[in-house]
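**Q** Okay, here's what each chain looks like letter by letter:
2 protein chains.
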Amino acid sequence: MEALGIIVEYNPLHNGHLYHLEESIKLTKCQYVVAVMSGNFVQRGEPAIVDKWKRAEMALKAGVDLVIELPVVYATSTAENFAYGAVKLLDSLKVIDCIAFGSEEGDLEKLSKIADILLEEPPDYKRALKENLGKGLTFAKARELALVKVTGDESISKTLQTSNNILGIEYLKALKKIKSSIVPFTIKRRGALYTSLKLEGEFASATSIRKAIEEKGIKAVKNYVPDFTLKILERAFKEGQGPVYLQDFSPIILYLLRSGHPLENIFDVAEGIDNKIYKAASMTNNIKDLIKLTKSKRYTESRIRHILLHLLLKIDKKLFKEFDGPNYIRVLGFSEKGKTILKEIKKKTELPIITKVAQYKSKIEDSRMFERDLFATDVYTLAYKNFAISKLDFFHPIIKL
Amino acid sequence: MEALGIIVEYNPLHNGHLYHLEESIKLTKCQYVVAVMSGNFVQRGEPAIVDKWKRAEMALKAGVDLVIELPVVYATSTAENFAYGAVKLLDSLKVIDCIAFGSEEGDLEKLSKIADILLEEPPDYKRALKENLGKGLTFAKARELALVKVTGDESISKTLQTSNNILGIEYLKALKKIKSSIVPFTIKRRGALYTSLKLEGEFASATSIRKAIEEKGIKAVKNYVPDFTLKILERAFKEGQGPVYLQDFSPIILYLLRSGHPLENIFDVAEGIDNKIYKAASMTNNIKDLIKLTKSKRYTESRIRHILLHLLLKIDKKLFKEFDGPNYIRVLGFSEKGKTILKEIKKKTELPIITKVAQYKSKIEDSRMFERDLFATDVYTLAYKNFAISKLDFFHPIIKL
Chain A
1 MEALGIIVEY NPLHNGHLYH LEESIKLTKC QYVVAVMSGN FVQRGEPAIV DKWKRAEMAL
61 KAGVDLVIEL PVVYATSTAE NFAYGAVKLL DSLKVIDCIA FGSEEGDLEK LSKIADILLE
121 EPPDYKRALK ENLGKGLTFA KARELALVKV TGDESISKTL QTSNNILGIE YLKALKKIKS
181 SIVPFTIKRR GALYTSLKLE GEFASATSIR KAIEEKGIKA VKNYVPDFTL KILERAFKEG
241 QGPVYLQDFS PIILYLLRSG HPLENIFDVA EGIDNKIYKA ASMTNNIKDL IKLTKSKRYT
301 ESRIRHILLH LLLKIDKKLF KEFDGPNYIR VLGFSEKGKT ILKEIKKKTE LPIITKVAQY
361 KSKIEDSRMF ERDLFATDVY TLAYKNFAIS KLDFFHPIIK L
Chain B
1 MEALGIIVEY NPLHNGHLYH LEESIKLTKC QYVVAVMSGN FVQRGEPAIV DKWKRAEMAL
61 KAGVDLVIEL PVVYATSTAE NFAYGAVKLL DSLKVIDCIA FGSEEGDLEK LSKIADILLE
121 EPPDYKRALK ENLGKGLTFA KARELALVKV TGDESISKTL QTSNNILGIE YLKALKKIKS
181 SIVPFTIKRR GALYTSLKLE GEFASATSIR KAIEEKGIKA VKNYVPDFTL KILERAFKEG
241 QGPVYLQDFS PIILYLLRSG HPLENIFDVA EGIDNKIYKA ASMTNNIKDL IKLTKSKRYT
301 ESRIRHILLH LLLKIDKKLF KEFDGPNYIR VLGFSEKGKT ILKEIKKKTE LPIITKVAQY
361 KSKIEDSRMF ERDLFATDVY TLAYKNFAIS KLDFFHPIIK L
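Chains as they are written, first to last, in UniProt numbering: chain A, 1 to 401; chain B, 1 to 401.
Do not rely on the hints blindly, as some may be mistaken.
Identical chains share a label here; the pair holds if one copy fits it or two copies do between them.
Straight-line Cα separation of at most 25 Å, PhoX-like style, residue types lysine-lysine; simulated pairs [what the hints assert, rightly or not]:
id : residue 1 : residue 2
1  : K361      : K343
2  : K385      : K211
3  : K288      : K385
4  : K276      : K385
5  : K348      : K179
6  : K391      : K279
7  : K356      : K279
8  : K385      : K216
9  : K279      : K361
10 : K391      : K292
11 : K391      : K295
12 : K385      : K295
13 : K391      : K288
14 : K222      : K211
15 : K391      : K276
16 : K314      : K279
17 : K292      : K385
18 : K361      : K348
19 : K279      : K385
Hints in this document: simulated from the structure, not taken from any laboratory. Fair warning: this is a prediction, and the values are worked out from it, not measured in the lab.
Starting from the given sequences, assemble the full structure and let the hints guide the process.
**A** Pasting the structure below:
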């Protein structure tokens, strides 16, 4: 049995994702595809446009055999934490042979070399990094220039500009760090950059697709997503279950900040960013403005969104220290073929497999991380117009295709 | 100097209020009018339709000389607490000679007799009350029947049906309890009942006016409110500062409940109502539905709204025990004539007068109650579309006419 692991968000699943999936299967010749997917909140530091079950359905329709949830603790954190959580989870399934990820770079060697340096931190790299930080550069810039210096390869600067390269490097770092036997592959991304806001070309980015949905409605994106995505989104919106935006949680986040809710236990809060956030919360009741008022070179929009989401979802930074990766396998959906691989995982993994959420307490020894997923769903459904019950994780059936 | 005290909400100020004010002045022949007014949240357990400064402006335009804020702790509580806070505050000004309140009853003697019994609780009343409670009647019903029994006056049942009679009785109770020298008067209310939902007749209720604004827009109420009210509301809405509804705080309240935020420190929470509220919060994300799912004969909509507001505004029940009425005089606005009476109050009162909020910490010994007012404003402005800054109490000028 040859199994391919992919790490996805499918927010929503579009033609570019479909291309990546098909190319990955072609390249790795794997028989089975297992996706680790963000749940109701995603790495951009936002809620997903529709919930995790609807996106799991898209994944299965696209040809994925098994969809496993990436715990919200990792899904809403830095690229490094996101990648570590996802790779560790894939590795702990004990059945994955390869990972294939999209990158703007497309050259695995090059990404791997960077990952090696970042992981091993040889003395000349460390020295250059320290020097650059001393000059007052941001960490990202200092790291980039140190990498260029020790490799003599100036093209690395460009490589580090795009988010899929950065994520790819983090996947490789994580694989090396945990000494995984999983073999990595990369597929060169085609079409728009991840962050592109324009809906154009053969493949549009998920960002531009969400933007078009928000501004022009679902019909506007029909050339950029598969039919099944369109249908799933249309059904969801009709039922009042999405589209969900960060804006929907604006009153809650602002309320927490105006209440003086502490930020000190949140990952990545340092250097007075907490006071800056509190101050901004006293100047506006709009989360977009709050982010604009707070961001800086050092604290990018995405870092601030992560902080605000961790506040909203009550994610304590100590979870990152006290857990070495996900300690459970939460199944969101599977295909007929997926049953076979799920059986195989059951035989081999040491982690509890959660298919019936009601049993989680007896199955997961330390369930603090899992309970963040449950709470994230309770918060997510506050943005629904219909069927906005809580504890949806307990009631929602696993998606089967 | 003869000064009249009135207790108001002006949510918004309408023709019936104007009539009450004019009649009260005629009846009491007072030279000055001081209003104790709810702030940004009102006794129905809701936010006011526009903020306290805009409503203070209405009061001054109507002929009130001085507007003092009723602390939110009292303004959003039971009729008994509301009345006690307001009467205690008026009494502590040391300049008020009379109070005039509207009532459906109109007969002060009758209301006063009821107040006496409720305050003194003679043995036969107590016995009848206990008996009725033993039969499983609600407290309100048990009290009503006990009053009828000891007075032999069956018309008391009808008297206790309407909210202004109930408030009036509470004002009288409070005056007696603190042995105030203030002389009470009552004006028979004309026109619609407080709770009437229909916009009709000479005087429409504030409830029906708010409903008409919500459903049909501001123009629909022009025959029922003075011109200045209409202008103030129009200006507020144009600036994105209202109309504010309980619904606007729905996500926050639901979030707090789904987070399992404790309810045990909230006034009036007993008999398992907390579990009922939590359960309802898991079934809907809409506060109107939540209230419908939770209310019962014993826990009326209004009691539940009070609980939800105290959760939202972080009002701990111990404040009611640890404070014997308001411990500060917060001035919201005054007329030219109001300056004279304010000077007089300054000479006579023992409470700190707050005209500059920035000085509150040095002026108020125990400022916990005042800080609830500040926080209530921070929460209130979350519902604004514009100028939604926090700490508005520090910046907003006193209204002067």
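**Q** So, for every hint listed, does it hold in this structure?
**A** Results for each hint:
1. K361 / K343: within (22 Å within a copy, 66 Å between copies)
2. K385 / K211: Cα proximity of K385 and K211: in one copy and across copies (20 Å, 22 Å).
3. K288 / K385: both (22 Å within a copy, 13 Å between copies)
4. K276 / K385: between (33 Å within a copy, 22 Å between copies)
5. K348 / K179: within (18 Å within a copy, 80 Å between copies)
6. K391 / K279: between (34 Å within a copy, 11 Å between copies)
7. K356 / K279: This pair counts as between: shortest inter-copy Cα distance 22 Å, intra-copy 43 Å.
8. K385 / K216: both (20 Å within a copy, 23 Å between copies)
9. K279 / K361: between (40 Å within a copy, 21 Å between copies)
10. K391 / K292: between (34 Å within a copy, 20 Å between copies)
11. K391 / K295: Classified as between; 22 Å across copies, 34 Å inside a copy.
12. K385 / K295: Result: close only across copies, 22 Å inter versus 31 Å intra.
13. K391 / K288: So K391 and K288 pass the 25 Å test across copies only (20 Å; inside, 29 Å).
14. K222 / K211: within (13 Å within a copy, 42 Å between copies)
15. K391 / K276: Intra 34 Å, inter 16 Å, cutoff 25 Å: inter-copy only.
16. K314 / K279: both (21 Å within a copy, 21 Å between copies)
17. K292 / K385: between (28 Å within a copy, 17 Å between copies)
18. K361 / K348: Answer is within: at 22 Å inside a copy they meet the 25 Å cutoff, but 64 Å across does not.
19. K279 / K385: Between copies only: 19 Å across chains, 32 Å inside a chain, cut-off 25 Å.
The structure agrees with every numbered hint stated previously.
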